[in-house]
Every structure is written in structure tokens, then in C-alpha cells.
Amino acid sequence: MWKYVVRRTLYMIPILFGVTLITFLLFNVAGGDPAAQMAGKNATAERIEEIRVLYGFNKPIHMQYLDFVRQIVTFDYGRSISSKQKISTMIFGESPELSPVLTSLSLTLPAFLLTLLITISIALVLTVKRGSKLDKSVMVICLALLSFSSLVYILVGQKWLGYELGIFEISGWDPSWTERWRYLTLPTIIFVILSLGSNILFYRTIFLEEIFQDYVRTAKSKGLGQKVILFKHVLRNAMIPIITLVVIQMPFLILGALLTEAFFGIPGLGGLIFQALNEADFPVIRAMTVLITIMYMVFQLITDVLYSVVDPKVTLK
Amino acid sequence: MSETLVQIKNLSVDFSTDNGTVNAVKGISFDIPKGKTVGLVGESGSGKSVTSLSVMKLIPNPPGKISSGEIIFEGKNLVAASEAQMRKIRGKKISMIFQEPMTSLNPVFTVGDQIAETLMLHEGLSKDDALDKAIDLMDQVGIPDPKTRYKAYPHEMSGGQRQRVMIAMAIACSPDLLIADEPTTALDVTIQKQILELLADLQKKYGMSILFITHDLGVIADIADSVVVMYRGDIVEQNTTEAIFTNPQHPYTKGLLACRPRLDKNPERLPTVSDFMTPDGKEKHNPDADKLVEKAFRPITDDQEVLLEVKNLKMHFPLQKGFFGGVKSWVKAVDDVSIKVRKGRTLGLVGESGCGKTTLGRSVLRLIEPTSGNVIYKDQDITELSKSEMREMRKKMQIIFQDPYASLNPRMSVGAAIMEPMVIHNIGASKEERLELAGDLIEKCGLPREVLNRYPHEFSGGQRQRICIARALAVKPEFIICDESVSALDVSVQAQILNLLLDLQEEFQLTYIFISHDLAVVKYIADELVVMNKGKVVEMADCVSIYKNPKEDYTRKLLDAIPKGIPKTLASTL
Amino acid sequence: MGSVNVSTHTIPVAEEGAKANRNSLWWDAYYRLKKDRIAVISFWVIVFYVLLAVGCRIGLLFPHFAETNDALSYAAPNANHWLGTDFLGRDVLARAAHGTYTSLLVGFFGSGLAVVIGTMFGALAGYFGGKVDDLIVWLYTTVSTIPYILLVIAFSFVLGAGLKVLCLVLGLTGWVGICRVVRGEYMKHRDREYVQACTAIGASHFRKAFIHILPNVTHLILIQFSLGFVGVIKAEVILSYLGLGVEAGTPSWGVMINDAAQELPREVWWGLAAATGFMFFLVLAFNLFNDALRDALDPKLKNK
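Residue numbers (my numbering), protein chains in the order written: chain A, 721 to 1037; chain B, -19 to 554; chain C, 22 to 325.
In isolation and in its complexed conformation, chain A is listed as follows (with noise of 0.2 Å):
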């Protein structure tokens, strides 16, 4: 188990050294002048050049990326433009109250735990009812979910839920622990809704392909009913790829709905990159890509831990 999470973790250190090579050369090398980029469109000659001299550009290339690496390893990414915070300070918070990672999480966990509850149940019934009117009007329904833009969920979700009836609160923050339910609801109610069809229509795929395997037919020969089958024996199968969708919705988990907390005016990771993004600031977006990342590294190294309780197969690889 041990030997497996280590040499999960090594596995682990030519990726990084991939995400910090195409960060460094998007950001350093192919956008031209960093500088200028940061400076900004009205910036003086001597504005840029203190910029240059401030951030390291006048170095050779390579004495750049070791920069780079040096402050990842550190955890050190200097300051940002707009607010000259330390970004560090920015994306983990002075406390865990303030902290944009943890106020990210505070809306998204919910809401996925809650995503995954409703669609993997409508997934099984339609499994059982697979062909029937019901199974097929849903799938459209599903179809027409995704035909919408996210954009316009939000945007009709905060003016009908929150404006026209009034239910919630339609944007703001408090970030007392006890209090900030009442601005995350309205939030976690979209997101719910947004991740409803592609998220049934994936798991109803799954279990349908495991319905057909020759397990089931066994099950079946000795006797066990639907039920039995469809919550043991193909539910079990079918947390393998069901365990795959999580991790590639983990990177949602860390950032936030982008979106969602932009427009509410929740502020996480998100909002955190929303507002880096208006003030083009350079610094904190590239600490925050390569930040996300490893964090999104760390929830693979669980998910495939996961695996292996998942999985008989994969335990003793």
C-alpha cells in the first residue's frame, strides 16, 4: 500500500516538472514581453523596466525558470500587482474563516455530494426502466439541460430564485461559519441544477455497460432480483469509472464554480481569479495555475488510493 502511494508520488515529479515548463514558457516566453504585459497598456518606459528588474525578467531564460521553480518549492510567489498582498497570503487566507480555498470548498462539496446523491439515483432508475418513455423523455430532458449556457443558469437562477421570489439571498458575503449558509444556497442550488444532465446521462452510460456484462447474467441465473443486483453487484463495478468522472470534476472542487462565485460575490478561488483576471494580474494568475494544479495532483494521488479499495485488481500493482 505504502510502496504504492510512494511510487504514485514519484510518478508524480515528471508531471510537475511539465506543469511548471508550460506555465513558465506560456507565460514567460510566449506572451511576449511579461513585463510590458504586466505594466500595463498606459505604462511608461521606466514603469516596465522597474517591473523588469522587480520580477526578474532581465535574466537569462533558464535563470528565470529556476526563479520559478525556487518559488513554487518555497511556496513563495512574491506579490501581486494590483493589491501588492502576498499571493500566498491571498489564495490560503490570513485565517481559515477568510481562507478563499476553504470559502471555495464551503460551496462546492455540498454541492457535489448533493449532485452525485440525485443524478447517480436517477441513473439507476432509469437503468431499471431502460427503454420505457420515462427512460427516454429524461434523456432529452438531459439533452436540453446541456443545450443551455452555465452563463445563463446563473443569470436567470439569481434573478427569478433571488430577485423575482426572494427565497435567498441574491449576492454577498459573511464569513462566519455559522452565517454563510444563506449565501451559499441560492450558489449550491445552481450548481446542482448545472451538473444535472451531463452527469446523468454519464452514469446512466456506465451502468448500462455494466448491465450487459456476463456478471450480471450470473447473478441472475442464481436467483438474485433486480435490486440486489443492480445496488451490489453492478454499483460496486460501476464505482470504477464513477470514481474517474469525480476526479476530472476534483479541479471544480478547488476552484470553485468559477462562475457561480463570480456572480455571487463569494470570495474564493474563484472570485479570487475572477478578479485577477479584470486586473490582469499576471503574478497571481500564474501562481494560482500551477497552485491548483498540485492541489488537483494531491486529489489523484487520493482518488487512486481510492482505486485500489475499489478495485481488488489494482492493490497489489
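Misleading hints may appear alongside valid ones.
[Unchecked claim] According to the in silico footprint, chain C covers these stretches of chain A (three or more CB under 8 Å from chain C):
1) 734 to 740
2) 772 to 781
3) 1002 to 1009
[What the hints assert, rightly or not] So, partial list: chain A residues that the calculated Cβ filter (under 10 Å) puts toward chain B:
4) GLN933
5) VAL948
6) ARG956
7) PRO961
8) GLN1020
9) SER1028
[Unchecked claim] With a cut-off of at most 27 Å between alpha-carbon atoms, the simulated BS3-like pairs for lysine-lysine come out as follows:
10) B:LYS375 x C:LYS229
11) B:LYS323 x B:LYS56
12) B:LYS544 x B:LYS16
13) A:LYS856 x C:LYS55
14) B:LYS245 x A:LYS1033
Everything labelled a hint here was simulated from the structure, so no lab data went into it.
We put the CB at the ideal spot given by N, CA and C, even for glycine.
With the hints as your guide, set chains B and C onto chain A.
Chains B and C alone, transformed into the frame defined by chain A:
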């Protein structure tokens, strides 16, 4: 006559497909007596598996549906039984084992749990009691060390052991009827023998009936008391095993029995079903088929020209790689093999799955690069040839694969497939000339010229194999490796292809290496025989002597495991 | 289920010639799609959009889409402006219609570029294996480790805004999924016996990889392209919201939906409705068509 357990009356099963309804089973009737084994025999598409699934009412619906008929079990008609009633019968009174033990077991549960599940369901045992019983059952079906093995997952067991687990699961509640759907087809011949013996033992112990479905008449003779022969959804003949084998009535049965290569006979040509029967099922009188001329034995002598010699060939695959790419352990798929193939003759290469015979064949042609060793073709070491020299060399050496479905590119017409090698090697001056040549070849292989415009999916397995042979012949080779080339085919088609291969050998003076797991087939076609096990050559001799008196234990074991195709009742009198 | 073998054309005894009709995978798929009424309707909806986009582009339809009129700011739908006007008094219907061109262009080139890159890398990795495979797998693992939206943001941030850049960004970031699919298929086909038979007749790598294997994976690439198309159209909306989309002034649904954030509080709903409606029917048609296309082309999913 003993008491009847299950009565099948006028059973019809329909499948709806894109092209309309297909009558998979057409109103068949037969009985399964108590405590006896009924063999249900037929080739692919005969409806035998559909019949067996119908008894359990496991036909996938849609698209399948029992359209009429009755299945009477314990005085009740199962066709009319509700799903809830069927659930009480499945696994308890009627249970089933399948062809693929790997996919038929749930990969994420331990085998102990899967056996115990049946017991908890039908016998109301507690989990602990059920597991105890499961361990006991695993012991009964001959799984060594069941006390620790019950915690194993299916992928941690061998194919034979998995099938034993399936059997343990099936007999857990001492059913009245066990349906075995091709339970040994995916297994090696030695394992097959063990499983058949196990089933016979368990039958004696529990007094259950067995419905044994297979395409292999040899297996049927070994295990069944009576036989039902199915052909295109219909029963053509049913009788006691002895009567079927000694005095078949229907021309199809006659053909099936005759076209199977046997160890005790070696005819010059294999009869085929079409020698006995017209396509619409009428009897055909064919005097040639009755005269099974014994094939003249042409001994191999040392002075015969050696076309191809393999010297100390090794093919090792890395099994486990270290972190920095260093290889920790190897699989020795082919381990120091030396063989000689004589011009115009056939060398048979036999062994069980994983013995390295296929790897050997492919490394001889350098389809995979051997680790070390030499392959000398007419004084030329082909392992030392450059890529372009090797490409030139490929004109002389060809291969025909096992799976006729995978060996043709589905997006390429038959004509294009046969002409492609000609294009690569500049055979034929123009497209018209190549088309002409391809037409000649396909006719030689027994298909009309018109097929050149068609695509592979329009053909049956045997027809595809003919196309593959025509493609191999397109470069006018001298030497062909047949890698399990008839193993995926029905026995009646197999006979036709074997005959074709022999005809072509005579006409073009071809030299073959014939790779197969089926000793009877190899004996029919080969002059000389090499037995392989675990990457090494166990024994090498001419065909007649190796079958008459095998020198090595392994060869003897292999020969012994082949179903003899002689009914139990008759075997004792011989 | 493997053992239920309902063979309609295999005739074991006589080996008679099979059916004469030439129905390969593509013909099969075509007939299936033709029978599927939803697929046919979806197809014509897509054709309608394409014609609309071309019509707008060549100036045949809605030629005055860029005309501003201060006096008509936020006019509600009326006889002259069926779907009202926006802040600058531009006709909403005309802008939504012109947005079709933007969306289709981004969809076609964005998804097209992704397919070209993905297919090339996937084919190389899957066919050659070994070191080439290691390198490409490393590359796409790395790219896929960076969360997609961040990657797109980073690319757009660095390369700037604009229609061409947008296509480039979406292509450069969207190839990973296709690469994975194509690589997997190539690995599967490389070991198939028909490819080995090609080696045995002396065929070159090029011949095997592109004449033999590629036609066998084309249908999957087509499906991926079609799926990517929808993904890219939706991504354009989000990027426009983040200020990373098309140049200012280019008519685009993304920009229109994005403007709705300011319009909705003033009870101006028609901009959002128009853009959403236009996008909805195109994307829905694409989704439904994709669904039918996948069923028709991917035999694995042919439901029983």
C-alpha cells in the same frame, strides 16, 4: 427409462433485429431425465445456447422472446412462471455455468462471497455459516487450500479454478438440474478433462441432471447419456449417445461425426457436412465419403531438404520494470527452441495456451523481434536482414491467423485486400492484371470471383478464412505459418479449410508450420510434430510415432486428455 | 451477451454467398440515421444554422447588424425590431443571427484544430508505443493535469483576445481527450491480426498507420469532433464573460449573454432570450444528432 425432470415442448424463441424477426429456436421438444446427462450439440447459430438460456428464462428481453411452447418442470410450466417464481427456482433447483468463467464471475467480490451469496439467498444461512459451507464446496470441487483461497478475487485464479468456483456456486443448493453452457470451450484440453471428470463425480454424488451444451462431439461422447443435435434452430436428431455415434440417422449428424479429425483414423481427405447433405437439409448420397482412404504415411528422413531452421531462438518479455526502466524479471515465452522444417512438408506445433507456440511463430517471421537466436531460411539468416531486405523476404513467407474476423481490415474490400501485397511487391503490371490474378486466387480458395467487390463483414468465418488464405498466396510464398487457423471455426467448416490447405500445399509445393492446441487437427495435417510447454520443446518426432508411443510424460498427459469421441458405454467394450 | 449467438448470415454448411447488399459501417450508419426521425430533424436544424451563418456573412441577411441608434437604446420587442434592441440601439435579432457565424466558426476551427492535434499525437503514440508513447502520454497527462478552465484562461490571457486566437486556444487545449481516444484505438488495432498480416506482406509503417488503421478509427474521430463542436461553442460563452472572448464589436452569443448581467436588473430580458434561444436550438440539435451519430457509428454502444 428413468423419470423425466424437465420436459421441453414445442419451444420457439424469436429475436427481433434490425432486419426483422429471427426465429432462433423453431418449436423444439426434448426431455431431460432425472439424474442423467443430456448433451445438446450444434454449431454456432444452431440455437443451442438460446435453448439453454430459455430453460432459466434468461433470454435478454428485448430483443429475445419465448414466442411459444412449454417448459415443464415439477409439473409447472416455466414459460408462464412469474419473475418472482423463477427467482426461487434459479440457483436453487436449476443452476447454470457458462463458457467464460472470467467474465461470468463478478470481478470485485471474493469468490467465497459469491458462493456464499447463493446459500444466503436460498438456504437462509447466516453469512458465517454460508462462508463455511462455501469453503466446504470449494473443497468438493477440488480447489486446493480453500480455507485461504475463499478470500481470493476471480482475477487471482486460473481459468480452470474459476470454472470450479462457478461449479461450486451452481451446486451450492444441490440443484435438480445443472445447465452447462460450453463450460470447457475456453479451457485447455487437460483442464477440460479435469472439469468433465469433476462434473461426472458431482452428478453421481448429488444425483442431479445435467444439460450439457457444446459444439464438440468428442466431449459429448465422454459425458452424455443422450444427445440432442441442433441445426439452424431445429432438432435434427435425438437419441442415446451410443446410437448417435454408432448409427446416426440424419445426414447432418453423419456429416458432423465424419468431418471431425480423429486420433484413431487418418483419412486422405476429411469428409465435410456438404458431402452428406444438400444446403436445404436433404440427404445426399456421396460414395466418396464412405471410402475413407487412410492417408499414406510419408516418413521424414534426414536427407530431405531443410527449408527453414530455427536455432536456439529465445523470446523474452519484460515482466516487471524497475523504477528507472531496468527490467527486474522476464517471461521466457520462447526459451531456447531449435526446430527444422522440411521443404514441402508440414510441421505441427502443439501445446496448451501460454506455451509459447504463437510467439514462436511470430518471431520466426520477425513480426516480433526475437531476443536472440537465428532463423535460417535457405542458408540465409533472416534475423540479420535489414528492414528493406526483410520486406523483400516477406514475399516468401506468409502467415494465416486464428481469428478470421480480426484478420481482415473491415474497411477494405476483399479485392483490395488480396491485391495489396501485389502492389507492395510489384506483382502484376497493371490494376487489371492484378484483378485477374486476385480472381484466380479467390477461385482457387473456393469462392467466386464476384466476391472481390464485397467487404469482409458480408462473409462467414470460413469464407473469411478463405479470403485470408488467398491474400497470403498473393505473393506466391513458399512457406506459410498457420497460426491456429482453424480453431475459431465450426467443425464442419474446419474440415473444408483443412482440405483446402492440403490441396494448396500439393499444388504450390508449400511448406507449412501448423500451430494448434488441437492435437487431432495437427495429427491430420502434419507430418512432423513438436510439442511445446512453458516455452520449451518437450518432444519432437514424426506424427505417427508420437501418437503411438509418446516418450515424454507431458505429451502423454496431453494425448490422454483429448476426448476420445467414443461413448462411455462403448469405450468399455473396446 | 456473448453466448446468445443469433447468426443471420453465417451459413456453416454450404457456405453460400452472403447477402448482396453492400452495407459497410458508413452505409449502415447512414440508414440508421435516416430512420431516426430526431436525428434527421436535428440535421436539418444544423443545416439551417449553417445557411443562416453563410447568409449573414455574405451580407444577404441582416446587413445592418452593426448600425447603432442612441435613441433606440433598450427598445422592447416591436414590429421593427422583433427582438428589441440593445444598449446601443442595435437590433438584437440581427446580432443573434450574426452570432451564429461566430459560434460555428469557433466550433469548426476550434474543434477541428483539437481533432488534428489529438489525432496526430494519438496515432503516433498508439501506433509506435515505447518512447514516443511515453513522451506523448507525459505531454497529455501534464496538459490534462492543469484544470481545463485554468489552462484556457492562461492561454487566452497570454495570447490575447480575438476570434482567431480563440480558435487557437480552444484547439490547443481541447486535444487531450481526442488524443486519448485515438491512442487507445490505435493500440487496439495495432495488435489486431489484420495489421500483423500487413506486416507479413511487407507493408510500411505509413501504410499500416494511415491506410489501414486510420479508416477504422475515423468514425470515432468524427464523433469526437462533433462533441468538441458543442463544447467549444459553450466555452466561447464563458470566455467572453471572462473578457477573453472575441474582439469588442464582434457579434457573439457569449457577449450577448454576458451583457445580460447588466440588462436583467433593468428588466431587459430580450438580449438574453435571443442569444440563449439561438444557442439552445443549435446546441440541442447538435447534442441530439451526436447521440444518434454515436449509436449509429459506434457498434459497441449499439443497444440491445
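Okay, the hints, checked on the actual structure:
For the stretch 734 to 740 of chain A, the stated coverage by chain C is satisfied: 4 residues place a CB nearer than 8 Å to a CB of that chain, which reaches the threshold of 3. Coverage of the stretch 772 to 781 of chain A by chain C is violated [criterion: at least 3 residues with CB-CB distance below 8 Å; count 0]. Coverage of the stretch 1002 to 1009 of chain A by chain C holds [criterion: at least 3 residues with CB-CB distance below 8 Å; count 5]. The restraint placing GLN933 of chain A at the interface with chain B holds, with a minimum CB-CB distance near 7 Å, inside the 10 Å limit.
At a threshold of 10 Å, the smallest CB-CB gap from VAL948 of chain A to chain B is about 8 Å, leaving the interface hint in force. A cut of 10 Å between beta carbons decides the hint on ARG956 of chain A: the least distance to chain B is about 5 Å, and the hint holds. Taken as an interface hint, PRO961 of chain A does not check out: its beta carbon lies about 13 Å from the nearest beta carbon of chain B, beyond 10 Å. Among the interface hints, the one on GLN1020 of chain A is violated; its C-beta lies about 19 Å from the nearest C-beta in chain B, farther than the 10 Å criterion.
With 10 Å as the threshold, the beta carbon of SER1028 of chain A stays out of range of chain B, its nearest partner Cβ sitting at about 12 Å, so the hint is violated. For a cut-off of 27 Å, the pair hint linking LYS375 of chain B to LYS229 of chain C stands: about 17 Å separates their Cα positions. Distance restraint check for LYS323 of chain B and LYS56 of chain B: the Cα-Cα separation of roughly 65 Å exceeds the 27 Å cut-off, and the hinted pair is therefore not satisfied. For a cut-off of 27 Å, the pair hint linking LYS544 of chain B to LYS16 of chain B stands: about 20 Å separates their Cα positions.
For a cut-off of 27 Å, the pair hint linking LYS856 of chain A to LYS55 of chain C stands: about 19 Å separates their Cα positions. A distance of roughly 47 Å separates the Cα atoms of LYS245 of chain B and LYS1033 of chain A; the hinted pair therefore is violated under the 27 Å criterion.
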